[in-house]
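Participant: Sequence:
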Amino acid sequence: MWLRKKTVLILMPVFAVLLSLFLGKYNADPMTILSLLFSKMPFGFGGEFSPNLETAIFQVRLPRVWTALLVGMSLSVSGAVFQGVFRNPLVSDHILGVSNGASLGAAAAILLGTSMAGVQLAAFFTGLLAVGLTYSVSRIYKTSSTPLTLVLSGIIVGGFFSALVSLMKSVADPYDKMPAIVFWLMGSFAKISSVDLKYAVPAMCIPIIALWLVRWRINVLAMGEEDARALGMNTEQFRLVLIVLSTIATSSAVAVSGVIGWVGLVIPHVARILVGPDHKYLIPASISLGGTYMVLMDDLARSLATAEISIGILTAIIGAPFFAYLLRKGTNWS
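Using numbering that gives the first Met the number 0, read the sequence shown as starting at 0 and increasing by one per residue.
No lab work stands behind these hints: they were computed from the structure.
Certain hints may be false.
Straight-line alpha carbon distances no greater than 20 Å define the calculated EDC-like cross-link-like pairs of lysine to aspartate or glutamate that follow [said to hold, decoys possible]:
#, residue 1, residue 2
1, Lys-190, Asp-175
2, Lys-24, Glu-53
3, Lys-24, Glu-307
4, Lys-24, Asp-298
Because the structure is a prediction, the values reported are computed rather than measured.
Build the full structure now, drawing on both the sequences and the hints.
Facilitator: Written out as structure tokens, the structure is:
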């Protein structure tokens with residue numbers, strides 16, 4: 000049974016990527032696009048293709064699709080890990096304030112008039128800073144942090160950073176900077192280029208792979224503090240490792256795409272329905288489903304209307320009622 004599901008989970012993102020490459024304002028025959036892709040592979044064959052088609056595929060669609068795939072994988076796997084770490088099905092990848100921190104950095108960079116690369120770097124590092132502050136606040140009154148104090152500290156830090164973002168929006172130029180900040184906060188892949196991939200690929204792939212490699216140990220941590228310690232695990236140290244890896248993945252994703260909600264909350268539950276609560280299978284399933292879901296959402300964002308819809312709007316419109324359905328169904332959270 001798992002072998003069959005594993006095959007489906009591997010093929011889903013592949014088909015989603017191919018479908019996305021076929022969609023766009025530049026009309027081209029799918030077989031022509033496939034021939035173009037094969038011609039660029041080491042074992043591929045040559046051929047004459049339109050320069051406009053090559054530009055549309057390799058400079059516009061492919062970077063955008065790959066970025067959407069990686070962002071979806073990063074957000075969903077981080078959500079699955081956080082739900083296991085905190086033993087709470089209602090936490091998401093943004094629970095420790097990373098999205099609020101990244102939003103502050105991006106808003107500040109936009110106000111200062113920096114380039115898109117500057118905005119992404121500022122968002123990435125302030126996202127990490129926010130989680131660092133969350134971890135520090137959780138240890139103010141205790142020598143070690145607990146899942147509960149971390150969640151509460153994340154709410155505190157996230158609320159503080161959110162207030163600073165609102166302050167920046169209030170002083171921003173309403174005709175120039177303000178729309179740019181609001182558009183970034185809604186999330187989009189519209190401005191993704193091949194240059195962004197050079198930094199996005201390692202920043203997201205490394206933590207995703209690392210979390211996949213240690214996925215079986217998350218089961219031990221999810222058993223509870225006492226049981227995990229009885230089995231010889233240094234729970235605080237391993238929890239910190241998982242938080243750091245998940246934060247890097249989430250912060251990298253938010254830096255290149257803006258704030259995209261509900262993915263890290265809903266997708267792990269869908270994966271749990273399909274493969275069960277065992278993180279040995281839950282983590283790979285979340286990675287596959289998250290990447291597929293984000294690519295398909297991006298297809299909708301650029302296909303539903305003449306003007307592109309922000310992807311954060313779509314994920315909220317679809318994610319919120321679907322999560323309500325999961326609650327009504329009474330999904331097994333354990």
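Participant: Of all the hints numbered above, which does this structure not satisfy? Sort the numbers upward.
Facilitator: Every hint satisfied by this model.
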